[in-house]
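Engineer: First to last, the protein sequences are chains A and B.
Here the first sequence is numbered in my numbering, starting from 1 and rising by one per residue.
Here the second sequence is numbered in my numbering, starting from 598 and rising by one per residue.
Hints are supplied without guarantee of correctness; some may be wrong.
[As the list claims (entries may be wrong)] Okay, derived cross-link-like pairs now, DSSO-like style, lysine-lysine, Cα gap no bigger than 30 Å in a straight line:
#, chain 1, residue 1, chain 2, residue 2
1, A, K118, B, K615
2, B, K602, A, K282
3, B, K602, A, K298
4, B, K615, A, K453
5, B, K615, A, K514
6, A, K484, A, K399
7, B, K615, A, K282
8, A, K301, A, K140
9, B, K615, A, K298
10, B, K602, A, K278
11, A, K554, B, K615
12, A, K554, B, K602
[Claimed, not checked] Computed list of chain B residues with no C-beta within reach of chain A, every gap over 10 Å:
#, residue
13, A611
14, H646
15, M654
16, D659
17, M682
For the record, the hints were derived by calculation from the structure and aren't laboratory data.
Glycine residues also receive a C-beta, built at the ideal position from the N, C-alpha and C atoms.
So you can see what is in the structure, the chains are spelled out below.
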Amino acid sequence: MDGWAGKILDIDLSSGSVKTYPLDEKVARLFVGGRGLGARMLWDEVGPEVEPLSPDNVLIFTTGPLTATGYQTSNRFSVTTKSPLTGTVLDANSGGFWGMQFKKTGYDALIVRGRAEKPVYIEIKPTGVTINDAQPLWGKRVREVTQALGQNDHRRNVLCIGPAGENLGRMAAIMNDGQRSLARGGPGAVMGSKNLKAIVVEGKQRPGIDDDERFKFMLYETRKLLRASPLTSQALPEFGTVVMMNIVNNIGALPTRNHQQTQFEGAEAISGETLTEKYLVKNASCWACPIGCTRISKTDKVEAEGPEFETTWAFGAQCGIDDLAAIIEANALCNDFGLDTISVGSTIACAMELVEKGKLDADLHFGRADLLAPTIEAIAYRRELGSDLAEGSLRLATKYGLPELSMSVKGLEMPAYDPRGMQGQGLLYATSNRGACHMRGNMLGLEVLGLPKLIDRFQVQGKSSYVILHQNSSAAIDSLVICKFTNMGVADEYFARTLTAVTGIPYSTGDLIKVGERVWNIERLYNLREGFTRADDTLPPRLLNEPVADGPSKGWVSKLEPMLKEYYRARGWDEQWVPKPKKLAELELVNLMEAAR
Amino acid sequence: MPSRKLFGNLRQIAGVSKVETQGATVRQAIETLCANDTALRDAILMDDHLRPYVRVMIDGHDIELAQGLVTLVGAEDQIAVFPPMAGG
Numbered sequence: 001m002d003g004w005a006g007k008i009l010d011i012d013l014s015s016g017s018v019k020t021y022p023l024d025e026k027v028a029r030l031f032v033g034g035r036g037l038g039a040r041m042l043w044d045e046v047g048p049e050v051e052p053l054s055p056d057n058v059l060i061f062t063t064g065p066l067t068a069t070g071y072q073t074s075n076r077f078s079v080t081t082k083s084p085l086t087g088t089v090l091d092a093n094s095g096g097f098w099g100m101q102f103k104k105t106g107y108d109a110l111i112v113r114g115r116a117e118k119p120v121y122i123e124i125k126p127t128g129v130t131i132n133d134a135q136p137l138w139g140k141r142v143r144e145v146t147q148a149l150g151q152n153d154h155r156r157n158v159l160c161i162g163p164a165g166e167n168l169g170r171m172a173a174i175m176n177d178g179q180r181s182l183a184r185g186g187p188g189a190v191m192g193s194k195n196l197k198a199i200v201v202e203g204k205q206r207p208g209i210d211d212d213e214r215f216k217f218m219l220y221e222t223r224k225l226l227r228a229s230p231l232t233s234q235a236l237p238e239f240g241t242v243v244m245m246n247i248v249n250n251i252g253a254l255p256t257r258n259h260q261q262t263q264f265e266g267a268e269a270i271s272g273e274t275l276t277e278k279y280l281v282k283n284a285s286c287w288a289c290p291i292g293c294t295r296i297s298k299t300d301k302v303e304a305e306g307p308e309f310e311t312t313w314a315f316g317a318q319c320g321i322d323d324l325a326a327i328i329e330a331n332a333l334c335n336d337f338g339l340d341t342i343s344v345g346s347t348i349a350c351a352m353e354l355v356e357k358g359k360l361d362a363d364l365h366f367g368r369a370d371l372l373a374p375t376i377e378a379i380a381y382r383r384e385l386g387s388d389l390a391e392g393s394l395r396l397a398t399k400y401g402l403p404e405l406s407m408s409v410k411g412l413e414m415p416a417y418d419p420r421g422m423q424g425q426g427l428l429y430a431t432s433n434r435g436a437c438h439m440r441g442n443m444l445g446l447e448v449l450g451l452p453k454l455i456d457r458f459q460v461q462g463k464s465s466y467v468i469l470h471q472n473s474s475a476a477i478d479s480l481v482i483c484k485f486t487n488m489g490v491a492d493e494y495f496a497r498t499l500t501a502v503t504g505i506p507y508s509t510g511d512l513i514k515v516g517e518r519v520w521n522i523e524r525l526y527n528l529r530e531g532f533t534r535a536d537d538t539l540p541p542r543l544l545n546e547p548v549a550d551g552p553s554k555g556w557v558s559k560l561e562p563m564l565k566e567y568y569r570a571r572g573w574d575e576q577w578v579p580k581p582k583k584l585a586e587l588e589l590v591n592l593m594e595a596a597r
Numbered sequence: 598m599p600s601r602k603l604f605g606n607l608r609q610i611a612g613v614s615k616v617e618t619q620g621a622t623v624r625q626a627i628e629t630l631c632a633n634d635t636a637l638r639d640a641i642l643m644d645d646h647l648r649p650y651v652r653v654m655i656d657g658h659d660i661e662l663a664q665g666l667v668t669l670v671g672a673e674d675q676i677a678v679f680p681p682m683a684g685g
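Just chain A, same shape as in the assembly (with noise of 0.2 Å):
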């Protein structure tokens, strides 16, 4: 099996027992890797009986066949459980360097079950796998955590929580390599269940690569289009991703004040270009990424990776806040702590609207910088209102009474795009299966960039067959794994074909987008299983009722049930969005159907 290591690594910490299988060929063809080898996983691992937070819950690590074989971004992977904070099918991916050398451990996969009686750290070198004592490490937070495990970018790289896993705080992050973070839906607080405080790898085993002339040439090719693409050679190393800020803003569709505006007056103060400006230092990479998105930001207190756009929006347009260094020193400490930045941004923001209305009594107000480093810390700790904070934004509104105020689907906060102002893009948010996310799809890319072209943002009709193309082509990606940047200057015909020089067997562009949409299915299958029905395919009530006040996006609401209907015929799904059996047998899918049913 070139590519896949074709091995997976099993270890149960209430038993201690360590176990190595064999990664199934036919799981390997139709779901590849990473995103997709953990739904397929889960699967099988974790049924609807089984609580988030339990011993019986699992977290399922993996990576591709394109990981650390050198291919451009081929340092991503991925954890698959079930989300504490939606109770759907997870799944997060991360860049930075652990992947790589996860992979380079000789494994594809690690599940990791149970619970540890003691904090533990679970470490993957060359003589073996070993589970350690963490109880010196437990309490202490992500960067002394990495440091203290002997980080090293290329040759020994640390995942671990913070105190906000050990909290189990639902919105907690795994990070890796000190500031990467597997941030969404609160894997985290798995690990932290499980008493697992880290994980560490050393690796020394290289990927085979069935046609070796055929994959320097994809190599070739790819860096000729990064280069030549404007998108992966200048707007993204210049300005990273926080340039997104004007121009959503621009359009009349950056979220403000808990969703209650669309256009942020104080935009300016903390766009991409002041960020440049200002607070930057340096770019930094992934491990084999030409294009080097990251960003070092600098201000009195703190030097840190970030912010990212969605970051920025969240503590900022999103809580009224136009303080740049504030929002950069919340990142920091966000990613210190080990928590999701979109998620505690947004659920800040819902607990300073409940205060607006007079249902919360507390001290956030929207535009108060200066609460945004206490109630991160309140809620990495759960300290007093924090640990409300720290259910996330649903159970938080739901508790004080207005649970329409979260601004989520499933449960997990919605990025940085209102709905109102990208039809396209509240689609997207509402069919995806883990819960509100803009990595399901680029309707950014169509709706406001032009890439590939540009589809009217306000249009209804039609704009499910782009949802589901974007839902397929992510899914597929999550699957190899590696960066959806690149796909900004590389068609997804080249992952395809690098697929097929690495592993030996021949997938064309429709067999890699068809691995992306039976995927998709299987995530489906799954929260079906769970219990959800068509009626959580929704969006926040003030996105549907609510007319935007003004600005270019004036008088409208976002009209998803008709792009629903046509979204589900356009899936072969039933009106109840249960996938039909002549789909299922198109995907290879149909022994699940009855379990999920």
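Please build the complex by placing chain B on the supplied structure of chain A, with the hints as guidance.
Structural biologist: Only chain B this time, still in chain A's reference frame:
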């Protein structure tokens, strides 16, 4: 007189973030702006067309979905010009 905002590296090239321009259409407004700045013109236009991925908006609406460079510009309109961008 319509005002015009520049973003990203266009701001660095022009040395300003906001200017006022003349011209009844987007094309005329761009030509006026770039009359003495060939670097800025090259960053926005290629062979008299917009460069790939450069976005021009009038009051938040992309001109590609209107009449492109011949879209009329009103006296109170705000034109925003964005260089190629990516992210999310």
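Engineer: Taking the hints in turn, state whether each one holds.
Structural biologist: Status of each hint after checking the structure:
A threshold of 30 Å between alpha carbons decides the hint, and for K118(A) with K615(B) the separation of about 60 Å lies outside it, so the pair is violated. A hinted pair counts as satisfied when its Cα atoms are at most 30 Å apart, and K602(B) with K282(A) qualifies at roughly 26 Å. Taking the CA atoms of K602(B) and K298(A), the gap is near 27 Å; set against the 30 Å cutoff, the hint holds. Among the hinted pairs, K615(B) with K453(A) is consistent with the structure: their alpha-carbon atoms are about 27 Å apart, no more than 30 Å.
Only pairs whose Cα atoms come within 30 Å are accepted, and K615(B) paired with K514(A) is rejected, the gap being roughly 47 Å. Our distance criterion of 30 Å between C-alpha atoms is broken by K484(A) and K399(A), whose separation comes to about 37 Å. The suggested pairing of K615(B) with K282(A) holds, with an alpha-carbon distance near 27 Å, which does not exceed 30 Å. At most 30 Å may separate the alpha-carbon atoms for a hinted pair to count; K301(A) and K140(A) meet this at roughly 20 Å.
A threshold of 30 Å between alpha carbons decides the hint, and for K615(B) with K298(A) the separation of about 27 Å falls inside it, so the pair holds. A hinted pair counts as satisfied when its Cα atoms are at most 30 Å apart, and K602(B) with K278(A) qualifies at roughly 20 Å. Between K554(A) and K615(B) the CA atoms are separated by roughly 24 Å; this keeps the pair inside 30 Å, and the hint holds. Between K554(A) and K602(B) the CA atoms are separated by roughly 21 Å; this keeps the pair inside 30 Å, and the hint holds.
For A611(B), the condition that its CB be more than 10 Å from all CB atoms of chain A holds, with the nearest at approximately 12 Å. Listed as a non-interface residue, H646(B) keeps its Cβ farther than 10 Å from every Cβ of chain A; the least gap is roughly 13 Å. Remark: the non-interface label on M654(B) conflicts with the geometry, its nearest Cβ contact in chain A lying 6 Å away (cut-off 10 Å). The beta carbon of D659(B) is not kept farther than 10 Å from every beta carbon of chain A, the shortest such distance being approximately 6 Å.
The non-interface label for M682(B) is inconsistent with chain A: the shortest C-beta to C-beta separation is roughly 5 Å, within 10 Å.
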